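Peer 1: Each chain, letter by letter, is given below.
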Amino acid sequence: MSSVPAAGSLAVRQAELVAALVAGGPTPPGFAPAPLAAARAALLRKRAGEVARHWPLLAAGLGPNWPATFLGWAAGRPTNGGLRDGWDLARALHTDHALPALGADELAVREAAFRYDGHRPPRPRRGPALGRVGGALAGQLAGRVRLLRPAR
Amino acid sequence: MTGPHGVGIGWRPEIAGFVAELPGLRFVEVIAEAVSTAGPPPDALVQLRERGVAVVPHGVRLSLGGTEPVQPARVAHLAAVAELLAAPLVSEHIAFVRAGGLEAGHLLPLPRTREAVDVVCANVARAQAELPVPIALEPIAALFDWPDDELDEAAFLSEILTRTDALLLLDVANVHANARNRGTDPLTLLDRLPLDRVAYLHVAGGAEQGGFYHDTHTHPVCAPVLELLAELCARRRPPAVLLERDGHYPPAAELRAELDAVATAAGLPTVT
Numbered sequence: 001m002s003s004v005p006a007a008g009s010l011a012v013r014q015a016e017l018v019a020a021l022v023a024g025g026p027t028p029p030g031f032a033p034a035p036l037a038a039a040r041a042a043l044l045r046k047r048a049g050e051v052a053r054h055w056p057l058l059a060a061g062l063g064p065n066w067p068a069t070f071l072g073w074a075a076g077r078p079t080n081g082g083l084r085d086g087w088d089l090a091r092a093l094h095t096d097h098a099l100p101a102l103g104a105d106e107l108a109v110r111e112a113a114f115r116y117d118g119h120r121p122p123r124p125r126r127g128p129a130l131g132r133v134g135g136a137l138a139g140q141l142a143g144r145v146r147l148l149r150p151a152r
Numbered sequence: 001m002t003g004p005h006g007v008g009i010g011w012r013p014e015i016a017g018f019v020a021e022l023p024g025l026r027f028v029e030v031i032a033e034a035v036s037t038a039g040p041p042p043d044a045l046v047q048l049r050e051r052g053v054a055v056v057p058h059g060v061r062l063s064l065g066g067t068e069p070v071q072p073a074r075v076a077h078l079a080a081v082a083e084l085l086a087a088p089l090v091s092e093h094i095a096f097v098r099a100g101g102l103e104a105g106h107l108l109p110l111p112r113t114r115e116a117v118d119v120v121c122a123n124v125a126r127a128q129a130e131l132p133v134p135i136a137l138e139p140i141a142a143l144f145d146w147p148d149d150e151l152d153e154a155a156f157l158s159e160i161l162t163r164t165d166a167l168l169l170l171d172v173a174n175v176h177a178n179a180r181n182r183g184t185d186p187l188t189l190l191d192r193l194p195l196d197r198v199a200y201l202h203v204a205g206g207a208e209q210g211g212f213y214h215d216t217h218t219h220p221v222c223a224p225v226l227e228l229l230a231e232l233c234a235r236r237r238p239p240a241v242l243l244e245r246d247g248h249y250p251p252a253a254e255l256r257a258e259l260d261a262v263a264t265a266a267g268l269p270t271v272t
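In the order they appear, the protein sequences are chains A and B.
Each residue of the first sequence is one higher than the last, beginning at 1 in full-length UniProt numbering.
Each residue of the second sequence is one higher than the last, beginning at 1 in full-length UniProt numbering.
Looking at chain B on its own, in the form it has when it is part of the complex (with noise of 0.2 Å):
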């Protein structure tokens, strides 16, 4: 089994027949703890699979940042629907979702220490002895950063990929957001970041409020990210981007000329 190739989706079950239909898709992206192991996948799924689209499961609840060890239970899952869905590697993300007994409900930055590096390295290595397949590490968009930082994202993300020998799923979304919130220069950070160990990319729509760029999943992609995207390939291209949309769906119609946009701005072939 590949990587995966070309433009992909991310798969939720509100837009399955609309996946379904995409004729020249070869990757999709699922929620991995949306899956259960207790039996057949979806029958969405299955389909897509025997039509040699590969699923990539994408873990948000392992909390590979947070300072107790990755709970067992999240890693057998995740592994099990690798297996369950036969998936060329899974991935998770360069963050933190409970401590103190309390769930974040979404994904919290890290400090970018070297404890913190010593944090998430140790998680993934654990992470790593248990799965059948290779992990990409996904960057996260966040609204506020620690006070004490030592490292730059660049060193952070460098360092963390370096000692876990783990890929990179790069969301070019989150790049955006990172950079117009903190004030910096998108660029600076793609000329530093490791592209040849980019799985494949995200892309996503978000919206400013109060101030803020917010990384949705419920709006459009908007411009800046689609240019960011085409700047990204144009230094070195991965093999696979993939679209992120969780809710507010539009019509099949704007879907699929959104995820031609994406194409275009990658170099890709359309699949739709």
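Excised from the complex, chain A in its bound form (with noise of 0.2 Å):
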């Protein structure tokens, strides 16, 4: 649609609900806040079984303490799709210290093989490349990677 679309119009109804719903917006007027809040709830526990299916070595890693990590981190931050959501939050627990030994071997190997900017798709690496996590350090050579040193 070329057109803006009017203020109260479904569209901006829509759009203020799924801001509401994944991105920390306010409850649009007339919704019953109870059910929006499980509703919200549950998207971030689906959200969370689709990042756990792409990272499983760093949901495994924080073990009990998964679920609560990535709601923590991931309330108010609209998806990305589950590869980028899991990435982004494996380099915010790098930074600060909070990423699991098997967390790190993941991301090791996702950074030997893609090139992340964080902002565009991951591509994967042409040349051959090595990926360094704290301890971990896996490298890329003709599309192939392995895992070369495990962190600890």
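Bear in mind the hints are in silico, worked out from the structure with no lab data behind them.
Source: prediction; values computed, not measured.
All residues carry an ideal CB built from backbone N, CA and C; glycine is no exception.
Each hint should be verified, as a subset may be incorrect.
[To be verified] Ranges between beta-carbon positions, derived for each pair:
{"no.": "1", "chain 1": "A", "residue 1": "Gly72", "chain 2": "B", "residue 2": "Arg182", "range": "30 to 36 Å"}
{"no.": "2", "chain 1": "A", "residue 1": "His97", "chain 2": "B", "residue 2": "His5", "range": "45 to 51 Å"}
{"no.": "3", "chain 1": "B", "residue 1": "Ala122", "chain 2": "A", "residue 2": "Gly25", "range": "24 to 30 Å"}
{"no.": "4", "chain 1": "A", "residue 1": "Pro128", "chain 2": "B", "residue 2": "Pro40", "range": "28 to 34 Å"}
{"no.": "5", "chain 1": "B", "residue 1": "Gly211", "chain 2": "A", "residue 2": "Ala23", "range": "55 to 61 Å"}
{"no.": "6", "chain 1": "A", "residue 1": "Leu148", "chain 2": "B", "residue 2": "Gly17", "range": "29 to 35 Å"}
{"no.": "7", "chain 1": "B", "residue 1": "Ala20", "chain 2": "A", "residue 2": "Gly143", "range": "28 to 34 Å"}
{"no.": "8", "chain 1": "A", "residue 1": "Arg91", "chain 2": "B", "residue 2": "Gly17", "range": "34 to 40 Å"}
[As the list claims (entries may be wrong)] Simulated crosslink set (SDA-like; lysine to any residue; CA at most 25 Å straight-line):
{"no.": "9", "chain 1": "A", "residue 1": "Lys46", "chain 2": "B", "residue 2": "Arg74"}
{"no.": "10", "chain 1": "A", "residue 1": "Lys46", "chain 2": "B", "residue 2": "Trp146"}
{"no.": "11", "chain 1": "A", "residue 1": "Lys46", "chain 2": "B", "residue 2": "His219"}
{"no.": "12", "chain 1": "A", "residue 1": "Lys46", "chain 2": "B", "residue 2": "Leu190"}
{"no.": "13", "chain 1": "A", "residue 1": "Lys46", "chain 2": "B", "residue 2": "Pro13"}
{"no.": "14", "chain 1": "A", "residue 1": "Lys46", "chain 2": "B", "residue 2": "Arg163"}
{"no.": "15", "chain 1": "A", "residue 1": "Lys46", "chain 2": "B", "residue 2": "Ile140"}
{"no.": "16", "chain 1": "A", "residue 1": "Lys46", "chain 2": "B", "residue 2": "Gly52"}
{"no.": "17", "chain 1": "A", "residue 1": "Lys46", "chain 2": "B", "residue 2": "Gly101"}
{"no.": "18", "chain 1": "A", "residue 1": "Lys46", "chain 2": "B", "residue 2": "Thr113"}
{"no.": "19", "chain 1": "A", "residue 1": "Lys46", "chain 2": "B", "residue 2": "Gln47"}
{"no.": "20", "chain 1": "A", "residue 1": "Lys46", "chain 2": "B", "residue 2": "Pro40"}
{"no.": "21", "chain 1": "A", "residue 1": "Lys46", "chain 2": "B", "residue 2": "Glu208"}
{"no.": "22", "chain 1": "A", "residue 1": "Lys46", "chain 2": "B", "residue 2": "Arg126"}
{"no.": "23", "chain 1": "A", "residue 1": "Lys46", "chain 2": "B", "residue 2": "His106"}
{"no.": "24", "chain 1": "A", "residue 1": "Lys46", "chain 2": "B", "residue 2": "Gly210"}
{"no.": "25", "chain 1": "A", "residue 1": "Lys46", "chain 2": "B", "residue 2": "Ala252"}
Combine the two chains into a complex, taking the hints into account.
Peer 2: In structure tokens form, the structure reads like this:
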């Protein structure tokens, strides 16, 4: 649509609703708060499952702390998909010295295989590359990626 | 190619081995967005097709209820998956999944208004113009309603089906979830839906949490859903019913028992 949607139109109200659910926006007028809060929480749980599928070692490394760690990071932060969400979370945890060894191994392998600037979708690296995350070291040559040294 | 028949299961890579060993299986569903059209389909799906198992692409990201016209590339992908798998039909949801540049990450409900009916019908028509096969529309499970509904659910759905001439994919677990969370009677809705338009049914597991019933697809199918399935099939038995499971996969014996329970409740032959 080329025209700007009118305030109160369905387009605007759908956008307000999505913002309230995934981006920390205010509850739109007229919606019952409790069901909307339940929906917000359910969306975060579903997202946590998707990220854990893309980043199984990260989730396993955090163990019982995985749900709370993910929910604390993701609340109010819209998704960029499970791959990028997990990547951003792993980098944030690494910066905070809170990335478990398994997560560091997984991140090192990904960093060796893909170029990811945090803004656009990751792209496979063409040339040989190393991925280093703390003590974890991964190498990529001709598209084959190996963890050379695990973190401890 | 005929439509889906009998008891089916949602094909997921994690349970491909289990699905391949179901002797009586004639019908599966795949998540359309998970199938690449750049090459041949996964071997496991090819083998199912060679056995004569119908594969129905099930879209989850078209956003037919979004106010922006459905994205042509997404419709083209769904159409290509249908061609690739020689599907008898495709299915999608009466819902929206993105707005204002944000992805919700899940199916969100529409206000049951005439404006929303118009939006859905226009998008379904755009999709139908490009799809090689019929489309079945699935009403979703919603944890909340919009404040300004003009129509009840039966009227809202019936209007969309009549105007689009689409088939109905009725999710029995969603009917249970919505009735439970709204405090309404699910049988009242069943009695007012055009059951002759049902291409197939969904059933899935869920769980009570925080005072709400959540349609999780990661728990066993609960007794009220099986009872509702039996009630529906006693009124008019659709040709097929499909079990959706999307995680926390149980041991094979449990999943087989669940398929058998679905078959028994629906009055269809077992596939295990």
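Peer 1: It remains to establish, for every hint, whether it holds in the given structure.
Peer 2: Checked hints:
The hint said 30 to 36 Å for the Cβ distance between A:Gly72 and B:Arg182, and at roughly 32 Å that hint holds. Between A:His97 and B:His5 the beta carbon distance is about 57 Å. The supplied range of 45 to 51 Å is therefore violated. Under the hint 24 to 30 Å, the C-beta atoms of B:Ala122 and A:Gly25, about 27 Å apart, fit the expected range. Between A:Pro128 and B:Pro40, the C-beta spacing of about 31 Å keeps the proposed range 28 to 34 Å intact.
The beta-carbon spacing between B:Gly211 and A:Ala23, approximately 25 Å, falls outside the hinted interval of 55 to 61 Å. At roughly 33 Å, the beta carbons of A:Leu148 and B:Gly17 sit within the given window of 29 to 35 Å. Roughly 30 Å separates the CB atoms of B:Ala20 and A:Gly143, a value that falls within the hinted 28 to 34 Å. At roughly 35 Å, the beta-carbon separation of A:Arg91 and B:Gly17 lies within the given 34 to 40 Å, and the hint holds.
Straight-line distance between C-alpha atoms of A:Lys46 and B:Arg74 comes to about 23 Å, which keeps the hinted pair within the 25 Å bound. Straight-line distance between C-alpha atoms of A:Lys46 and B:Trp146 comes to about 22 Å, which keeps the hinted pair within the 25 Å bound. For the hint pairing A:Lys46 with B:His219, the CA-to-CA distance comes to about 13 Å; that is within 25 Å, so the pair holds. In summary, the hint linking A:Lys46 to B:Leu190 is not supported, as the alpha carbons are separated by about 29 Å, beyond the 25 Å threshold.
About 18 Å separates the Cα atoms of A:Lys46 and B:Pro13, which keeps this hinted pair within 25 Å; it holds. Distance check on the hinted pair: A:Lys46 and B:Arg163 sit about 33 Å apart at the alpha-carbon level, beyond 25 Å; violated. Straight-line distance between C-alpha atoms of A:Lys46 and B:Ile140 comes to about 16 Å, which keeps the hinted pair within the 25 Å bound. Under the criterion of a C-alpha separation no larger than 25 Å, the hint pairing A:Lys46 with B:Gly52 is inconsistent with the structure, at around 34 Å.
Distance check on the hinted pair: A:Lys46 and B:Gly101 sit about 20 Å apart at the alpha-carbon level, within 25 Å; holds. About 28 Å separates the Cα atoms of A:Lys46 and B:Thr113, which puts this hinted pair outside 25 Å; it is violated. With a CA separation close to 31 Å, the supplied pair A:Lys46 and B:Gln47 exceeds the 25 Å bound. With a C-alpha separation of about 30 Å, the suggested pairing of A:Lys46 with B:Pro40 is violated against the 25 Å cut-off.
With a CA separation close to 15 Å, the supplied pair A:Lys46 and B:Glu208 stays within the 25 Å bound. Our distance criterion of 25 Å between C-alpha atoms is broken by A:Lys46 and B:Arg126, whose separation comes to about 30 Å. For the hint linking A:Lys46 to B:His106, the alpha-carbon distance of about 8 Å falls within 25 Å, and the restraint holds. For a cut-off of 25 Å, the pair hint linking A:Lys46 to B:Gly210 stands: about 16 Å separates their Cα positions.
Only pairs whose Cα atoms come within 25 Å are accepted, and A:Lys46 paired with B:Ala252 is accepted, the gap being roughly 24 Å.
When each numbered hint is compared with the structure, violations occur for hints 2, 5, 12, 14, 16, 18, 19, 20 and 22.
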